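Sequence lines, in order, name chains F and H. So for the first sequence, the working numbering puts the first residue at 27; every next one is plus one. So for the second sequence, the working numbering puts the first residue at 24; every next one is plus one.
Calculated from the structure, these hints are not laboratory results. Source: prediction; values computed, not measured. Just to be clear, a hint being listed does not mean it is correct.
[What the hints assert, rightly or not] With a Cα cut of at most 20 Å, we get these calculated SDA-like pairs of lysine to any residue:
#: 1; chain 1: F; residue 1: K151; chain 2: F; residue 2: T141
#: 2; chain 1: H; residue 1: K246; chain 2: H; residue 2: I138
#: 3; chain 1: F; residue 1: K151; chain 2: H; residue 2: T229
#: 4; chain 1: H; residue 1: K224; chain 2: F; residue 2: G362
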Amino acid sequence: MAEVILKHIKKVYPNNESKKKKKGEPEKKKSNLLITEEGVVAVQDFNLEIKDKEFIVLVGPSGCGKSTTLRMVAGLESISGGDLMIDGKKVNDVEPKDRDIAMVFQNYALYPHMTVRGNMEYPLKLQKKDPAEIKQKVEEAAEILGITQYLERKPKALSGGQRQRVAIGRAIVREPKVLLMDEPLSNLDAKLRNQMRAEILKLRQRINATFIYVTHDQTEAMTLGDRIVIMKDGVVLQIGTPQELFDHPVDTFVAGFIGMPQMNMFDAELKEEGGKYTAKLEDVEIPISEEKQERLRKNKVKSQPITLGIRPEHITLAKENETHLTGTIGVSEMMGSAVHLHADAYGKDTIMIIQTMNLTAEEQKNIAIGNKINFMFNGNMVHLFATDGANLEV
Amino acid sequence: MNKKHTWSKNEKVFLGLLIPILILFFCFNTLPLIKGFYYGLTNFRGYGNYDFVGLRNFIEVFQDSRVGKSYLFTFKYAIVMTIAVNVISLILALGLNSKIRGKNALRGIYFVPNILGGLVVGYIFSFIFTYILPAIGEAAGISFLSNSILGSTTWAWVAIVIVGAWQGIAMNTIIYISGLQTVPEDVYEAGMLDGSTGWRKFKDITLPLIMPFITINLVLCMKNAMMVFDQIMALTKGGPSQSTESISYLIYNNGMSGGQFGFQSANAFIFFIVIVAISIFQTTILGKKEEQL
């Protein structure tokens, strides 16, 4: 059993303002991190209860505090405020080695002077385990990861993917309660990344550990995580399953971050008349499903200008005689089963994914660069955001 | 094949940088070596006429008891120096590489001895050993200190080690600091999570990863210590009773003013070969332990 609980976790880097002022350069604002009297707040009020064997992914753009959070769990960064509990015990001030965690680093962080075997043995040797047991555990882990034939090699004789396997091997031989991964795949090429992603999923079935995984890649987050924590500027924006984040993003940032290609956003108008909501994009009325109407009513949403979001997958082609929106095709990317269109509509580059299966031959012919295209949104799938970005349904 | 080679602009720049150095190196290093070998074959006294005597000088170097004694002293000095300097400078580098206040200022201060001339430092320490330490010894009633250690045949060499080390540590420390900075931070972090702290961290991670820097420091330090001259010139002039006579000092002293120019030239040539041999030996042995990152 190893739940990890983060209660009001906070990280503040003390201010070095006085130092910077001496240099006399006007400081450029690099991020929107909160700056208080204490210093720069890299992570503010992080609350999360991670269940035993859960796979949590922390995701967000660079500088959002996700790595800092992970490093606080690891014990590589001190915790400025709040409680970190592993397995019911408060571990804020416990040495990293005594937290029963292991970590996989982005740059592998292998011991360059030791062989693969040496690397994997090292943590066990430090625990003064029996040599026969060490040998057995290392070979088991090597077997799982398919690196048995490289055991006697040095890291420099291995490829990036193999090195990362060794790093994972070194982490799992200890049978840690919590396995931390800090962007483990970002140094690998795309093909290898896909392959390793699948292997991490398989690995998860085989070992009894709670996973905390940091990435900036939304695909990794969606495919790996039981739950995803999405962060920005040191603040947790939303915590939920991949499906929840995809279907009900709390704001335009989450909506744009999750999902590939990105959600399309339009400026629109929301009208409320006697408890009935309608959205208008230019002069075209966009239907809103009854389910969504209900939620808007519950939130007592008033008529207001809104940002209307629609995912590329949820745009359908429309006939001339139906209510429809219009755009001009700028780019057409044929993917085989689907065609990705970039259309210029209402001043926005609108991306739509059209399944080729449902297209008539004539329609297919009409999808050509420069042509007009008529399309409509699936009323069940539109997202309604206030102009400040917050989701009106949540 | 007969086409005339035209120098490209880059090649011209390279040659422009290289040729002056080559000329200087040849004039001040290669030429003296060749001339030294030439004089080694003669009975030149530094003045007057001379005759060729074949390899006689080279053979006699091995039979001369004063040369033997100076070799013994020089080796003793060089080994003690190399060990002392490297241990101390590695400890200093570890300290100066950690997260401490005023780190950069301290690094600067520790480098100062390196920019002072050997003779200057030697004379300063000579003053300390001759006047200040005995005065302190007398005042404190420590009989060991009340006589200058420079006057003791047993301890004078220690004084030279102290001065040599004081100066030699500066450069070595800087090299070790840069070496420590090549060890990636995340490797230490991985070590921290694996439970590698304190001595184990140093022994298992730091030491193997700075091996190339240890090699270069051992070789440079050994070489410098073997050629010790300034400190002896300033502190003891080889005395008392030739107990601190290094090879370089003997070559200089007896070659220049002892009428043994030919003989000491042969000595110098052999000494050159000894140093080259030691350096090659060190680099091969230590090179095997080095790890390419």
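Hint check:
| no. | hint | in the structure |
| --- | --- | --- |
| 1 | K151/F - T141/F | holds (14 Å) |
| 2 | K246/H - I138/H | holds (19 Å) |
| 3 | K151/F - T229/H | holds (17 Å) |
| 4 | K224/H - G362/F | violated (55 Å) |
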